[in-house]
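I would like the entire structure built from these sequences, with the hints used as guidance.
Taking the UniProt record's numbering, the leading residue of the sequence shown gets 1, the next gets one more, and so forth.
None of these hints come from the bench; they were simulated from the model. Source: prediction; values computed, not measured. Incorrect hints may have been included.
Straight-line C-alpha distance at most 20 Å; calculated EDC-like pairs for lysine to aspartate or glutamate [claimed, not checked]:
1. Lys26 / Asp98
2. Lys26 / Glu130
3. Lys180 / Glu163
4. Lys180 / Asp166
5. Lys180 / Glu130
6. Lys145 / Asp86
7. Lys26 / Asp50
Across the chosen pairs, the derived CB separations fall in these ranges [stated by the list, open to error]:
8. Val196 / His164: 19 to 27 Å
9. Ala11 / Val196: 44 to 52 Å
10. Glu163 / Thr195: 45 to 53 Å
11. Leu160 / Glu96: 25 to 33 Å
12. Ala39 / Gln157: 26 to 34 Å
13. Glu66 / Gln157: 18 to 26 Å
14. Ala95 / Asp194: 51 to 59 Å
15. Met30 / Thr170: 28 to 36 Å
16. Val175 / Glu66: 48 to 56 Å
17. Val196 / Ala95: 46 to 54 Å
18. Asp198 / Met30: 24 to 32 Å
Positions of the beta carbon are idealized from the N, C-alpha and C atoms, including for glycine.
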Amino acid sequence: MNLYRMLAARAEENRPVRVGLIGAGKFGTMYLAQVRTTAGVHLAGLADLDPSGAQARLATAGWEPERWDAQSMSDALSNGTTFITDDAEQVINCAEIDVIVEATGIPTAGIRHCRGAIAAGHHVIMVTVEADVIAGPLLAQEAEKEGVVYSLAWGDQPALVAEHVDWARTCGFDVVAAGKGTRYHPDYHALTPDTVWDVLQQYL
1 MNLYRMLAAR AEENRPVRVG LIGAGKFGTM YLAQVRTTAG VHLAGLADLD PSGAQARLAT
61 AGWEPERWDA QSMSDALSNG TTFITDDAEQ VINCAEIDVI VEATGIPTAG IRHCRGAIAA
121 GHHVIMVTVE ADVIAGPLLA QEAEKEGVVY SLAWGDQPAL VAEHVDWART CGFDVVAAGK
181 GTRYHPDYHA LTPDTVWDVL QQYL
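Structure follows, in structure tokens:
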């Protein structure tokens, strides 16, 4: 039973995975573009400090306005639509939500949202990598105690690095180091220890 079949089964049974997304920035918008066409998943709640900006990003991601016109979480759950709010607690405190996707990009907010979601009995997908760097092991421990899953987002660099390490160990390799390598654009391939700082300076 693969992921596609499991989600298709949930769609067929009319019991989609109910998701709450916190943060409609760059990653959040990419998720909005994908979840719109993902069978078996219902984005019930979207929390962002700028609700009008969140609406604009939904439009950019191809959503029809009637799909985000829910007036409350209960309204969204009843009608299969999405409720937009500037208060993340409204999404976190909704008992019917299955999983919270934390995508604010703000470590302190990410940790707070994650802990609240775990306490409320929700699984958490942590997109805010900075929050995981600061408190990931502790958040994972809290999740385990509450019987829920704390996970990074597959496709983001930390999850992919972990997957590569797992693959290498499975193949019998002795992993001595792992991490993100050089930037993938050809312009960066000829960098030396003497020239790398000229490029990195723009990101510091």
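Item to check | Hint numbers contradicted by this structure | outcome: 1, 6, 10, 13
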